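Residues per chain, in single letters:
Number of protein chains: 2
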Amino acid sequence: MAYNITSLNELTAQFEKLPGIGKKTAQRLALFVITSPEEYASRFAAALTDAKRRIHLCPSCQSLTDVDICPVCADPLRDKGVICVVSDPKDVLAFERTREYKGVYHVLHGVISPLDGVGPEKLKIRELLARLSDSSVKEVIMATDPTVEGEATASYISRLIKPMGIKITRLAYGVPVGANLEYADTVTLQRALEGRNEI
Amino acid sequence: MAYNITSLNELTAQFEKLPGIGKKTAQRLALFVITSPEEYASRFAAALTDAKRRIHLCPSCQSLTDVDICPVCADPLRDKGVICVVSDPKDVLAFERTREYKGVYHVLHGVISPLDGVGPEKLKIRELLARLSDSSVKEVIMATDPTVEGEATASYISRLIKPMGIKITRLAYGVPVGANLEYADTVTLQRALEGRNEI
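Listed in order, the protein sequences are those of chains V and C.
Numbering follows the numbering used here, with no gaps: position 15 of the first sequence is 15.
Numbering follows the numbering used here, with no gaps: position 38 of the second sequence is 38.
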């Protein structure tokens, strides 16, 4: 007879669904929670449901927020005329850590990737075009990952925007090609912002 | 102004408390949960509170269980005359995966480690001695980790048990010295059980 603890297996299964967490690590994490003081599990559980319940997409820039409009869009000091287009909410956090960028964002929630069945219609491109129809936008910075899919997405969107006569720029290749934006260090991201080129 | 999402930060902080999870990984995991379908966060939260609420120590062997008495102690086919003493609940799961061992366990919940302030009184040694006072126990297998602390704990307990006239054995060094038991493979653990020696 195998030694089964149903609720331990269930918790292990939930940890195993996380990216980069294998079976043994999942069991290790589950056992850590179980052998930790009572309040850890309850605070962790509360944090999970709380974050999921409160966090939604900002109706304007589509980034994650737990208030009505995200702090960047709500900030009167941010330049609404410059929109930095990123693929992922993580990238907004990475740019905000530079404390250099004064414009606003637009989060696509993915990149065009035909092999994964992700076409342009699955991204928040329609929402971006709606924002651009407001004539106050002067520049769109394409800040998708410097990968094949990121480049393809940037050039696809650029072609859509070009007729609107808005200036379109792309991050300078300060960021190492083939890597993910979220792991770029602050200085590299600053260089990339400063050296941006018109497409 | 920094971009703060309070409930995201709180969830990230909870992930960061897990062993081996750093700040960036914690944020990555938190964002994964937030961008996953609704039911994942709620099932995860339920699994956390459920596991913590249901799982307790088996009153006999001190291993983790979510039923009154653990399945090993409750199994009439297991030999109650042989007790395998391990330091951690993880080790019970590792031995059970071999499907070879037919005795029962005793979980110490740690090893003697003066540098970490863990003396013998913090381990479940008293509970072990109480079990041994029942004359039906024929053999105690010392299966603490083959580390300095594990060895010291095994020899400390052996000295306490010796006067009772019970046979005491130690796992054979099939397990690589200096490693942790939970990472030993099934065959290695089987060899270690088969080649056990009387102390």
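These are computed hints drawn from the structure, not numbers from a lab.
These figures come from a predicted structure and were not determined experimentally.
Among the hints, a few may not be true.
The list makes no distinction among identical chains, and a pair is therefore deemed to hold if it is satisfied within one copy or across any two copies.
To be verified - Below, simulated BS3-like cross-link-like pairs (lysine-lysine); rule was C-alpha separation at most 30 Å, straight line:
1) 23 / 162
2) 138 / 90
3) 17 / 80
4) 122 / 24
5) 23 / 167
6) 124 / 162
7) 17 / 162
8) 138 / 23
Unmet hints by their number, sorted upward, for this structure: 1, 3, 5, 7, 8
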